[in-house]
Amino acid sequence: MAISPSIAAHRFGLGAYPGELQALAADPAGGLWYQTQIRIPQADPDVLRRALVAMRTAATIEDKPARQAALRALFKGIRQSSRTQFDSAFAAAALSATPFVERLTWFWANHFTVSAKGKPRVLPFAVSFVADAIRPHVLGRFADMLIAVEQHPAMLIYLDNALSVGPSSRAGRDRKRGLNENLAREILELHTVGVGSGYSQRDVIELARLITGWTVPIGRKQSDASRPFLFAANRHDPGPKTILNIRYGDGLAEGERALRDLAIRPETAHFLAKKLARHFIADDPPAAAIAHIAGRYSESGGDLARMSQALIEIAAGRPDWMAPKYRQPMDHMAATVRALGPEILKARQTLPSLTQFGQAPLMAGSPAGYPDQTSDWASPDAVMRRLEWSIFAAKRARISLTPEALAEAIFGAELSPESRFAVAGAESPRQALTLLLVSPNFMWR
Amino acid sequence: MLSRRSFLATAAAAGAAIPGVTLARAPGERRFIFILLRGAMDGLAAVPPIGDPDYARVRGRLAFTPDMGALPLHNGFALHPAMTEAHALYRSGELLVAHAIAPPHRTRSHFDAQNILENGATRAFARHDGWLNRALSAVGGNRADLGLAIAESEPLTMRGPAKVAGWAPRRVVLIPETLSERVSVMYSADPVLAPAFAEGLNAHALASANAGSDGRMGGARGGRALVLAENAGLAAEFLARPDGPRIAMLEGGQWDTHAGQGVASGRMARLLGDLSAAFERIKTGLGPAWRQTVVVAATEFGRTARPNGALGTDHGYGSAAFIAGGAVNGGKIVTDWPGMSQQALFEGRDLMATMDMRALLKGVLGDHLRVPRQALDTGVFPESAAVRPIFDIIRH
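Residue numbers (my numbering), protein chains in the order written: chain L, 1 to 445; chain X, 446 to 841.
FYI, nobody ran anything at the bench for these hints, they're computed from the structure. In this text, a Cβ means the ideal position worked out from N, Cα and C, and glycines have one as well. Among the hints, a few may not be true.
[Claimed, not checked] Partial chain L-side listing against chain X, Cβ under 7 Å, derived:
hint, residue
1, D174
2, G178
3, E181
4, A368
5, G369
6, S379
7, S428
8, Q431
Make a model of the complete structure from these sequences and hints.
And the structure:
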């Protein structure tokens with residue numbers, strides 16, 4: 001597998017720090033670069049457990065005003081601490097020794113978007129969502145990620161399944177509460193087979209019935225606080241369910257079986273492959289590239305490591321399938337940090353900056369997440385914002401290299417004549433850095 | 446920014462490129478604002494049909510009761526009590542309500558339905574440009590600052606061949622000319638960045654001219670996401686200028702009320718209050734130009750007629766739309782009301798849509814912006830000749 005240092009660093013990674021291209025060039029087969037990244041990190045269950053315990057404690061306060069005040073204080077504390085923690089977390093991610101895995105993590109986190117926008121109660125659970133449900137599985141099985149995601153309290157609350165009650169269940173009959181289709185619809189439309197793949201409203205309702213009872217143990221005194229997921233059997237809708245012509249029965253295991261069945265469907269392989277190809281290969285990836293990635297997924301039974309490796313195979317074997325990709329705001333910021341160092345990030349400004357760019361983490365406007373094509377991010381206003389941000393970043397940069405040497409170090413032979421000319425012809429070193437940060441080389445990967 | 450002279454030159458050139466389009470159809474002083482309410486507004490909460498015999502039973506715990514102060518319209522309909530400004534406009538004949546309306550789709554997918562509402566076609570992802578951009582091409586040619594999108598990223602409705610300025614309100618940062626010139630040169634060979642930067646600089650100049658001495662836009666707070674009414678006020682500031690844009694698009698989110706949407710108060714009340722204030726901010730901001738203005742606020746689909754288990758509503762079909770402005774023949778509700786009996790509901794669960802969103806938009810674009818019928822039937826809304834525009838929305 002031979003891919004160029006520039007493609008490895010920029011297309012599949014988070015940009016380059018000075019010296020990174022030389023390090024990659026010393027590994028000509030690219031094997032080490034890839035292999036050293038393949039290690040599965042462990043989830044940190046403590047964050048989630050703390051949030052859950054705090055929520056449970058607050059939720060059990062009998063007096064309503066006191067309860068609401070406690071919850072408000074809890075949200076405020078989490079918001080504030082997430083803002084400071086985010087600076088270091090983002091800098092650490094941007095400087096990661098495993099940038100390809102970081103990119104895959106960001107990709108899957110966006111595929112399974114949870115958002116606190118307009119729904120602040122999602123936030124306490126969302127802060128650890130990526131660590132709990134995404135990161136452990138980015139090089140594992142998609143089915144495992146799917147189940148971890150759909151049983152995570154952030155997703156159950158975000159898409160309302162925590163409130164869904166089977167109409168014929170014990171709780172449904174007693175309390176006249178009903179089914180909520182939201183999560184089931186998005187599982188089919190956004191998470192697995194994809195919209196337009198042939199499922200019907202009937203399938204949505206049947207899946208919604210099948211996952212009734214998948215909820216969060218808040219305000220339930222008898223439940224086990226150490227587990228963030230609760231299967232409430234008294235809400236589960238009894239009777240047979242048929243989803244995409246497969247029959248399912250009652251209980252938690254049947255719901256998990258349905259997710260495993262959905263995960264290995266060819267429509268899912270195609271839907272995920274197309275999205276991954278759009279992220280790494282081209283805005284409009286050729287059908288052959290999608291088929292190659294989907295093939296690796298299907299033949300491995302939904303192994304995401306094999307699927308990710310298919311991307312590298314394409315870069316090495318079929319570079320003609322690839323087209324330039326425009327860096328999204330978060331990637332542009334990460335590449336800036338990787339090039340100039342984390343000092344350019346002002347304290348507590350990472351999150352507001354991403355908000356200004358329209359790509360704040362955990363704040364996407366819909367469960368579809370942030371879009372992934374050039375036209376979504378290269379609007380006139382977005383280009384102006386990037387320039388404005390780069391002016392500030394260049395002002396804060398403290399680097400020992402000259403801007404020209406830095407440009408050479410980051411892009412090597414790929415540095416375009418336009419970018420080189422602009423950096424060399426700037427009126428000051430600071431302006432040269434600004435121009436480098438918005439140069440076509442920096443904007444496109 | 447283009448001078449009057451260069452505007453005439455580019456408009457004439459564009460007129461030559463589009464058969465049958467002449468300068469006489471340029472919008473002149475007429476203004477149009479499209480507000481896209483993303484997430485599916487519950488039309489039965491915004492415009493409750495309190496006189497419908499099945500309403501109270503079907504709507505259950507989300508039904509307005511007489512003590513909740515819903516604001517009366519004609520024919521047994523009412524406005525949500527949070528929409529006081531909109532109600533005042535209705536009473537003065539400057540607001541028209543369309544009900545049981547939807548874009549041409551029945552998928553209940555936000556993303557498909559918004560895509561259809563934005564691309565103007567009958568299939569999702571059938572086109573990469575939007576109906577409002579194509580309407581812009583038909584009336585204004587390539588005048589770069591005729592259209593304006595106030596949004597975080599350029600909405601599909603406004604994407605296409607006609608140039609559109611994009612703007613999301615924030616602090617205006619000074620960009621030295623020595624820098625912007627170098628960026629322009631550096632981008633000259635880049636087919637994406639060159640035009641985007643040129644238009645961005647143009648909008649930046651417009652905003653710098655509008656900004657106060659502290660570099661902030663009127664009504665905006667730097668760094669904070671603004672609510673719809675504040676963005677509406679900003680759009681009005683741009684549109685009020687004699688040489689400013691004439692056609693603008695705004696978007697508002699958070700309408701996907703699956704849980705705890707409230708009745709007279711709560712989440713829907715906040716959203717609808719914001720929308721109502723947006724109409725008022727546009728009227729105030731435009732001043733005398735309001736008389737030549739039409740604002741359409743629409744959503745991708747409605748929601749289930751019955752409440753769900755969480756006292757919210759799930760994805761449905763027919764919803765309501767609002768048409769406001771001094772040029773509107775308002776003070777009435779336009780609907781072919783389908784009713785709310787079990788048989789009348791779409792698939793037994795959603796308000797039926799009896800009006801195609803394109804009929805409403807074609808009526809407004811034709812009578813207000815004078816987009817020719819031929820262009821409406823083929824280019825703006827492809828293959829829509831069978832969808833007849835609704836007449837009588839605009840004052841004559």
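These are the hints, each one checked on the structure:
About 12 Å separates the beta-carbon of L:D174 from the nearest beta-carbon of chain X, more than 7 Å, and the hint is not met. Taken as an interface hint, L:G178 checks out: its beta carbon lies about 4 Å from the nearest beta carbon of chain X, inside 7 Å. Checking L:E181 against chain X by beta carbon gives a least distance of about 5 Å; that is within 7 Å, so the hint holds. With 7 Å as the threshold, the beta carbon of L:A368 comes within range of chain X, its nearest partner Cβ sitting at about 5 Å, so the hint holds.
With a least beta-carbon distance of about 11 Å to chain X, the hint placing L:G369 at the interface is violated under the 7 Å criterion. Interface restraint check: L:S379 against chain X, minimum CB-CB distance 4 Å, threshold 7 Å, status holds. Against a cut-off of 7 Å between C-beta atoms, the interface hint on L:S428 is violated, since the closest Cβ of chain X lies about 9 Å away. Satisfaction of the interface hint for L:Q431 is found here, the shortest Cβ-Cβ separation to chain X being roughly 6 Å, below the 7 Å cut-off.
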